[in-house]
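S.K.: Sequence:
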Amino acid sequence: MSALSSSWAFVKRHKGKFLLLGGAIGGYFMLNHYLGDIERNWEKSASKDFVSEVRKKEQHFESTLQTCDSTVRSLTPKIIEILNTLLNSESLINAIESNPENKVVLWAELKVKIFTRIVSEVYCLCLFVCYLRTQLSVISGYMYVDSCRQASNSVINQSIQMKYMSLLTSFYQDGIPAIVQPVEEAVKHAIGDLSLKEKINISKMNKIFEKIRSLMSLSLSAPDSHFSRYLMDPEKMAQLMNEHNFKNENCTSSSTLTAKESAIIRKMLTETQDILESDDFKKVLEASIDVGFSVIMDTIVGCFTNLTIQEKENGFSNPHSTEIAFAKLLPILKQTFENRIKPDDLLLLVNHLICLDVLNCFAANVYEAFCEP
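Residues 1 to 373 in this note's numbering are what the sequence shown spells out, letter by letter.
Hints are computed from structural coordinates only; laboratory data are not their basis.
With a cut-off of at most 30 Å between alpha-carbon atoms, the simulated DSS-like pairs for lysine-lysine come out as follows: (1) K282 x K204; (2) K188 x K103; (3) K113 x K342; (4) K334 x K113; (5) K282 x K57; (6) K334 x K197; (7) K282 x K188; (8) K113 x K328; (9) K113 x K283; (10) K113 x K78; (11) K188 x K78; (12) K283 x K211; (13) K282 x K211; (14) K113 x K211; (15) K211 x K103; (16) K188 x K283; (17) K199 x K328; (18) K282 x K113; (19) K260 x K56; (20) K103 x K204; (21) K188 x K211.
Kindly produce the complete structure, drawing on both the sequences and the hints.
M.R.: Okay, here's the thing in structure tokens:
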């Protein structure tokens, strides 16, 4: 009992201290709870901001892909038209039909021209689609950063966009003819000795294109060979990089650039060239070319299937066992690849390319890299 009374006496003597201690402990728990609420609310708000930013980026990138897809589809017929003009074989056919003394020489030129036309389409369209994906991903990344800034601090204006995208003109004028040259050399090596009388089947056609592909890979893998030279003409780049107006710093016309705008376009062109010369771009382009040759072979299988149907009206016949003289096959190939009228036929390859996962992942990585302020 004495122990209990002494304890009670101790409590009474230090009552003020106990109340102060209890208040401090209670205050600590209340403050800790309050701070916890603030932290949770901040984390929730930060999470919402992060999710909102990610969604904004995704929507902007999806819009970029849609713009790229529609641009690819609208410009592909122009590329095909340029190839048809560069590699027109009508004059050769007319000359052969007149039965001249150099008929054998003309036939040799015709077979090279027809195959060059087919293979050039693959390389031109693959380069074009991969390049446009890269260009629009770069410029969209810049535009996304601008959208997060005040209008007065924006980097990309319409003049810069137009100058940057004007590089496509040099691809039409200079890039496509430049691509045709190594393709023609590869075709000559692959089929130069192939007799017009030789029987050709699907398997032999596949081997021909594999050989052309192999020769092109060797040509394009040389130390001084970069895909960017077909896409970004050095003279055109130099013109864009040096084009500015030092006298009027506020000049924003579409024909001239201020010194500040010129510096921005130089930076963008250098960055784009680095991307085009990267190993990642080469891998993406190789994957695209794989798709291109697969589309060629699918079309050729269709040619042999039609031949089989014509020869075997009754009963089943395997198109892979069908053979035809090389001289008779050439007009069929020309007709198939050069006389396409339906949009679906013209856009067959690019419709495959714009759905290529490795290309779209590459474009997403480029876009994400340029979204950083």
